[in-house]
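Asks: Here are the chains, one letter per residue:
Number of protein chains: 2
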Amino acid sequence: MRLHTYFRSGTSHRVRIALNLKGLAYEQVPVHLVKGEQRRADYLALNPQGLLPLLEDGKVRIGQSLAIIEYLERIHPEPPLLPADPAGEARVRSLALICACDMHPLNNLRVLKYLKHPLGLDQAARDAWCRHWMEEGFAALEARLAAEPETGRFCHGDRPSLADVCLVPQVVSSARWATDLSPYPTVRRIHEACMELEPFVRAMPANQPDAE
Amino acid sequence: MRLHTYFRSGTSHRVRIALNLKGLAYEQVPVHLVKGEQRRADYLALNPQGLLPLLEDGKVRIGQSLAIIEYLERIHPEPPLLPADPAGEARVRSLALICACDMHPLNNLRVLKYLKHPLGLDQAARDAWCRHWMEEGFAALEARLAAEPETGRFCHGDRPSLADVCLVPQVVSSARWATDLSPYPTVRRIHEACMELEPFVRAMPANQPDAE
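Residue numbers (my numbering), protein chains in the order written: chain B, 707 to 918; chain F, 707 to 918.
These aren't lab readings, by the way, just hints derived from the structure by calculation.
Some hints here could point you the wrong way.
Treat identical chains as interchangeable: a pair holds within one or across any two.
To be verified - Subject to a maximum C-alpha distance of 16 Å in a straight line, what follows is the list of computed EDC-like cross-link-like pairs (lysine to aspartate or glutamate):
# : residue 1 : residue 2
1 : K728      : E784
2 : K819      : E842
3 : K728      : E779
4 : K741      : D916
5 : K765      : E854
6 : K728      : E904
7 : K765      : E856
8 : K741      : E762
I would like the entire structure built from these sequences, with the hints used as guidance.
Replies: What follows is the structure, encoded as structure tokens:
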């Protein structure tokens with residue numbers, strides 16, 4: 707398998723964690739987002755949306771991190787990233803989607819660029835925007851993770867799931883906007899539990915071949 | 707089943723379509739987003755995130771539209787909204803996620819509110835913001851739908867899937883910002899094919915009990 711990735715892309719980070727948790731070997735193809743390599747003709751020929759990540763598995767090409775991870779879950783079910791029971795599966799997906807739909811899309815590179823131009827927001831206003839959506843999302847995650855009995859050492863019970871796969875990159879990227887995580891002790895505890903595991907450490911931005 | 711919904715919420719719209727396609731009866735509980743009813747204590751007790759939609763199925767409560775639809779797919783598999791083969795399933799999810807992650811999160815009510823206050827953007831700048839992300843998303847969808855051989859009468863083959871369930875509310879809401887859809891003929895063709903089906907018509911915002 708080949709993963710088109712950028713070390714600091716939060717969605718690429720998710721897929722790296724999932725591949726590592728499942729023990730799958732993969733080749734990395736770095737695509738430099740800040741230099742705009744995702745808009746190059748050769749990459750657009752593979753992924754017309756011009757976004758990362760993209761997984762190639764033989765002739766199968768998949769964009770969108772959650773579609774990739776669900777595909778990995780389907781073809782390499784062990785260890786599972788989703789619980790076996792329908793209610794648990796729905797809970798894990800709903801936690802993952804708080805990160806994937808309500809946090810990350812508002813804080814990624816293309817949105818930050820639009821805030822700068824044409825909107826003309828300065829760095830302080832852009833940082834405040836990012837922190838606002840981070841705080842909304844982490845508050846929602848904390849309210850649920852702290853209250854719901856299914857929470858264990860990780861987001862759902864005592865092994866990592868798709869929810870942790872999405873939570874960790876969100877916590878990591880929140881540091882770029884100096885987000886204060888002290889109001890979210892359960893989020894922090896789970897993040898720390900994840901970071902004791904080698905698959906999460908190996909997936910970190912700083913540990914990628916294209917890290918700067 | 708009970709669905710907490712708002713007639714004009716695009717994510718509620720998705721779930722209504724999925725319930726209708728599967729022939730499932732459900733009770734609607736209207737939550738008025740513009741009046742802020744999603745922040746009322748009784749709703750927050752059910753869904754601490756304070757967003758719509760929320761499905762109650764006996765004791766199971768699920769937020770996040772895609773988690774709800776995947777749950778419906780699991781417990782009521784017929785008719786399927788995902789293809790049986792892993793590559794097709796990944797394709798449908800990736801198309802759905804273009805709407806769910808790259809379009810809708812940038813154009814929903816809470817984001818529009820923030821653009822107005824504290825950012826102080828006027829109506830024209832807010833509309834331009836919405837159209838920009840709509841156009842980026844529709845261009846990506848069109849590029850894929852027009853080129854990929856799996857596209858049929860609908861996004862994937864000749865029956866509606868999760869991709870159509872997400873596409874239709876996006877097309878419907880794009881009209882609110884006078885988005886020009888003429889550059890996206892395949893998107894328009896598929897939308898029209900969907901709107902020939904009763905489950906899609908019945909799910910339309912104007913046909914809901916709380917429509918204004």
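Asks: Enumerate the violated hints, using their earlier numbering and listing them in ascending order.
Replies: Number 8 - this is the single hint that the structure violates.
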